[in-house]
Amino acid sequence: MKLLRAIPVPHRFAELGFAELDCRTHYSFLEGASYPQELAAEAKRLGMAALGVADRNSLAGVVRAWQAGKDAGLAVLTGCRLQFTDGAELIVYPRDRAAYGRLCRLLSIGKARIGLEQAQGAGKPIPKNECRLSFAQAAQLGEGLIALAPAPAVIDAVFEARLLDWGKTWPDRLYLLAAPLNRGDDRARLNALALIAQRTGALMVASNAVLYHQPERRRLQDVLTCIRHGVTIDEAGLRLQANAERHLKPPEEMARLFAGHEAAIERSIEIAQACAFRLDDLKYRYPDEPIPPGKTASQHLRALTFAGARRFYPDGAPTEIVKILRKELKMIRKVKYEHYFLTVHDIVAWARAQEKPILCQGRGSAANSVVCFCLGITSVDPTKQDVLFERFISQERSEPPDIDVDFEHERREEVIQYIYRRYGRHRAAICATQICYRPRSAIRDVGKALGLTEDVTSALAKTVWGSWGAGLQKDHVQRTGLDQDSPRLKLALELTQELIGFPRHLSQHVGGFVLTQAPLIETVPIGNAAMPDRTFIEWDKDDIDALNIMKVDVLALGMLTAIRKGLDLIAEHHGQRFELATVPREAPEVYDMLCKADSVGVFQVESRAQMAMLPRLRPREFYDLVVEVAIVRPGPIKGGMVHPYLKARKEKRLIETEGGTYDIDFPSPGPAYPPDELKAVLRKTLGVPLFQEQAMRIAMVAAEFTGEEANGLRRAMATFRHMGTIHSYETMLVGRMIARGYPPEFAQRCFNQIKGFGEYGFPESHAAAFAQLVYVSAWIKCLYPAVFAAALLNSQPMGFYAPAQIVRDAQAHGVQVRPPDIGASDWDCTLEPLLGPCEAGETRALRLGLRQIDGLRKDWAEQIMVERFRRPFADIDDLRRRAVLPAAALDALAAADALGGLNLSRREGLWAAKGLPRAAPAPLFVAAGLNEADGAPPSALPRPTASQEVMSDYETLRLSLKGHPVSFLRQRLTDLGAVPAGVYERLPDGRRVSVAGVVLVRQRPGEGNAIFLTLEDETGIANVVLWPRLFEAFRPQVMSARLLLVRGKVQRADGVVHLIGETLQDISADLALLSRSTQLSAALRPSADAATGSPDPRGRESLHRHPRNVRILPRSRDFH
Amino acid sequence: MRRVVCIWLPNWPITAWRRARHVQPPDHEAFALTQRTGRGLLLHAVDDAGRALGLRRGQTHADALAIAPGLVSAPAEPEAEARALHALALWFERFSPAVAIDADPPGAEGLTLDMSGAAHLFGGEAALLDEIAARLKGAGIAAALAMADTPGAAWALARYGAQPIAEPGRTREALAPLPVQALRLDEETTRLLNRFGLHSIGDLYGLPRAGLARRFRAEAGLALVRRLDQALGAEAEPLRSVQPPADYRAWQAFAEPLIEAEGVGHVLPGLAGALAAQLERDGMGARVLALDAFRTDGRRVRLQAGLSAPSRAPVHWLRLLREKGLERLELGFGADALMLSALKAEPLAARQAPLLAGSPKEKPQACSEALAGLIDRLQAKLGESAVLRPEPYESHMPERSERWRRAGPETSGGTVAHSGRPRPLLLFDPPQPVEAIAELPDTAPSSFVWRRCSHKVVKAEGPERLGPEWWRAPASSQGPERTRDYYAVEDEAGHRFWLFREGLYGREDAMRLPTWRMHGVFG
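Going down the list, the protein sequences come from chains A and B.
Each residue of the first sequence is one higher than the one before, counting from 1 in our numbering.
Each residue of the second sequence is one higher than the one before, counting from 1 in our numbering.
Think of the hints as simulated: they come from the structure by calculation, not from any bench.
There is no bait here: all hints are sound.
Residues from chain B shown here face chain A by an in silico Cβ test under 7 Å; the list is partial:
# : residue
1 : A66
2 : I67
3 : E394
4 : A473
So the derived label-pair ranges between C-beta atoms look like this:
#  : chain 1 : residue 1 : chain 2 : residue 2 : range
5  : B       : R21       : A       : Q497      : 32 to 38 Å
6  : B       : P392      : A       : R421      : 56 to 62 Å
7  : B       : R403      : A       : E253      : 34 to 40 Å
8  : A       : S905      : B       : A176      : 25 to 31 Å
9  : B       : V72       : A       : P886      : 45 to 51 Å
10 : A       : Q497      : B       : E402      : 33 to 39 Å
11 : B       : P392      : A       : S134      : 33 to 39 Å
Short, incomplete list of chain B residues facing chain A, as computed with Cβ under 10 Å:
#  : residue
12 : A62
13 : H199
14 : L466
15 : E508
No residue lacks a Cβ here, since even glycine has one placed at the ideal position from N, Cα and C.
One chain only, chain A, in its complex shape:
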């Protein structure tokens, strides 16, 4: 009979404390299978004295672990599991701050050879996310580091010899770390290890080599192992753990497993006590170089600020401004942020002082201050704007100020390299970004590990629209038509759910710089990035926030490049020099233009959604643009704030045109509370919360969140995607607001909005900075359309629209556009004087640059420019010799019809370019009996038709000035019943109509249900909206057509015209006709088979109408 008698645990054991010192989190990528938070909470629950977190060659998770320890009330030791290049491992724990610094230095050496002598640092750079260290290197920096050598699976003489050797050289204490392996021989093994410990003097410490917090994670850990080795679970074999024992075990259980070796258990406590270092000890200091000697930081900042104020207000700054300035400076001094402002100023000032100044603009919570304006960090005039500065260093927010600086995208790298030079690579580095598993990547990797075939996993992955889908839902599975009851599939879905949110690897942040006074490599390890000359730290934005380390975001913005180029062109051709801050403000014609949604190319408001919003919002002043930028975002949309705001605006407009005053209708609480408590928060946005700060203020005012709770909510919002903590805040916020008498529906909307901000936060200060660029770019477009088009084309790739649309828009605004030509074009697009009379007062024509030509290199263009300046080219041979052009360059120029300056048409040019004598004689030709000599193009070479010219232009320039492809098909389209886009735009609401055009953009915005298509024909643009059911019915047409015929109903609202699609027809095959040499009129009769798209009865359709011919048009830009 079975004996079911529990063995009493000896009382002594229960008292024995234990600290697990070998614990890997999921920052040991693809190895650890638990979050640091889970481990800390579980260790606390099990009654451990402390938890040592040591990830493989990394400190990436220590901040989170430390924070989780603080939250759970458990001492979490910061350590690292060093894996040497020879495969040996050593776990180290710093005793104090200095030892921690040495550990960081050591890891930096291993990851990027930073901090080494020059001679040692030579050689091939270490690849990203790798660490190469030897024991000798570790021993050199090992002072103050307690070392634990984990016993390998097979203990042999080699291990003992190594331990003995290490014991002699390691500068601090060295322990032997023993863990039960559950292989049947644990008792013998522990005894053997105890003997080795005795012989080598490295005392034995107990641990359980933890990989996850609970045994249930074994499955996920197995899957991670498969992913790491690139094998399926069926092939993984012994690479997997044999059992689920690698979890945190309670002290009693550890004591039982180590019975007879109690000292090994006790020692874990000793070590935990000896390692007193905590991340709280990192005392952060901002670099203080940028101060001239003899001045304090405070004095220097004051001097710079007032000097700036004098420059912006030559007649003396308004008293209001001076008052705010003094207040801000006082506040900055109080919280000691002078260095932060000075550092940002230093970077910005350097960028401005370049021979060709780099345009930049700051944004972020601290940026909307008068100080920043005076320092030149921002250009949002504080007299025109309510200053929000107080909010950023209000007492309840203990986090550092935040200034992001955008630079011209083509020149940001210069700024980054300046920062590295200025502070040194040991003191400046970019933050990390954690690349985490998202639904798609998770299902891919899990599916592969479980041996699901590729089409199954991609079918599953594909069903998740957008990258942050809410995870895989059951109906996703059903939609793929897969058998959802298949056990493997079920497992895959469960494990995918578990894996989502795990970090996969670290990558560099787009531009967040961390700068320190003390060497940064003694605060955090620095590693090489994938990009050359880039190094980044192991911590991400949230880690840095948690440690109160300040960072400067140095970001790239394409529009700044375009604005810089635009302002330069205005200065050159119109004789007036403007800067971001000095562009004339509030020009009514600019707002008129925006109200008409005439915003192709304008920063931020050029997307379909924004274009649809403009005529509804009707911006008339700067603050309207701030709202415009912020309103088409997940926050306000999810919170259902868009319509209330638009409604309020409409009412206000109506009342004010009648001369009345509009009273804002604020949501108010129950009678027991001040009815106007939200007035201060929502005054500027007509009683509707639109910005992130407002949502947070509502939480504090209307739901009485304490500063602490608000901070928690903010953190939950930031990590919303990782953890599900936000739901407790939901009940808290909604519940309290309802309790205080707010309408439940409003409370829920406020919370939804906060959730929306979690996906894409948009504070007012960002919106204001962006609105500034909206205004400036719109101003250029409105007043100098030729300049605007040239600047956009010269800054490609950027923005929403392809060059063809930018050029068409310019032409629509009366700009004369000239083709690229070696006789007149530079590399960049330029402006040329107009000779004859012209429309709209424009005096310059736009000359397209050689950069528009596919396959032409910049240095070739520059050689052409240099030689042309000496004297014009006589013929193609002269061009080839003097500009030293290779055959490929001449081919590209000829194919793009850019040899007009030599009086050569495209085909003449091509024939000539292709026929130029080759560098070497062609023996092949001699052998083949082909005579090399020949002259002008033979008469048999067909003459190109107009449509062929246009198609060739599209092929080589991605645009054509000779016509629109659709115009050649007009007769055919008319026969099919389609009207030009220009006609449809003027049709009344509700009219049924067909429009055909080239598909420019396909969009399925975020969670929105509708699909937006933009069609273009020779007369303009048609905006098509498809409802989901129609999309599903016409999916192939929507997703693959180049040329599309849409039948539908005209919908007009607030000046926006949409075509609500009802049926779609893919007529892309017609584009092939344009390349045919036969007379179009004969070929272009609509034929039955082209209309129905039925395949050729003989099955030849696939080769006949090869898509190659149809693909000449550039692909549409698709956004999902």
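Given chain A, work out where chain B should sit, using these hints.
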């Protein structure tokens, strides 16, 4: 006059895939084969339904799914496709001894048959094409055919032409309206020709050849001129036959397909006699004999027999072929032609085989061949799945640490890691029930009852803990498998056992009590 037939097999990969699996195309369901490349997962072939949705070869699988989320796909098997194409080419030997495979460019696979002077055998060119078309259709193979003077012209007409037959000597006119890519040009050349405005083959006729050729990169220019010359017959283009036709063969076609292998047996003596007569004429004997049956479904089945000495004795041949399985010849829906050929023939005065076979060096080789021969014979007799060989397999679970594979002469591929733990030589399958008495939670049993005998444990080691392979479907209906704790124990008599307890106390399914099992005995 040379006359060539080209057979274009649009969607050959899909046809081959379906033929290999005997699957009918699902109705209105787009189907594609995919292939992993440097650019990711690409479509390798698309069926008609897929093409109608706008899918095409070379598209990424992801893009294709965006267009057609219902797309069903399977990984392509290029080697199997090539093999199947080869097999089809062999089948076409029933029409012509010279059959070549057009594998290039991928996606335009087809066959070329030299039918010079042979069309009248099939009732003229049109009748020949009709017959081929009908047979392919009957076999479920989509195809387009054309006949012309040159392989190049036939290739172009089959893929791009409107008329299937270009009359002898009228190649130039027939090709003129076809697009230039019908000349088998690469993409780059086609694009440049189009850029010059040269779209149809006729556009090229009037151009100076040298002037045209030098406008392409050297080889491409030459290739263009050569392709044009080949198509027009100005340059010879030999066909590379799939296999050189056998010198000695006897052939017979039937109006009604033979369904039964028995029928073949009736026809065979006649064929054998005809073949023997051919051999006798030249004083030769067959060393390798092949019987090919051309089936109506476009497959060819072959029975091949090697002879240890040249022979032209039909009786001996027939006995050999019977042994090789003539009765089991798979004729499917019937064979409509039979061919008996001597693949290898030698003068009948054959040399003697050496008395002592091979030097010691060759011995292992000979042994392995002999083993392979034995395995082949056994498998031929007993069926392939009846002759198996154990092979180590990487798994923590003892009962899964080996598996059975089809026996073959080759040794197992790659080394397999071993857990390093001692395992008994004898394992029970399934493990046998045991009653054991042990202290909680995981101490070794102090005694156990197995097969009604009680054993007292004197020595024990363990537990070795093995977690279940959670990714496998549970074998029993009892619920999911649980963790096992293995103990190696020795009883008073010195017998050593390996037993385990399934289920951990306090963990894993508290409703099911742990159970004990005897899994094996040592030595």
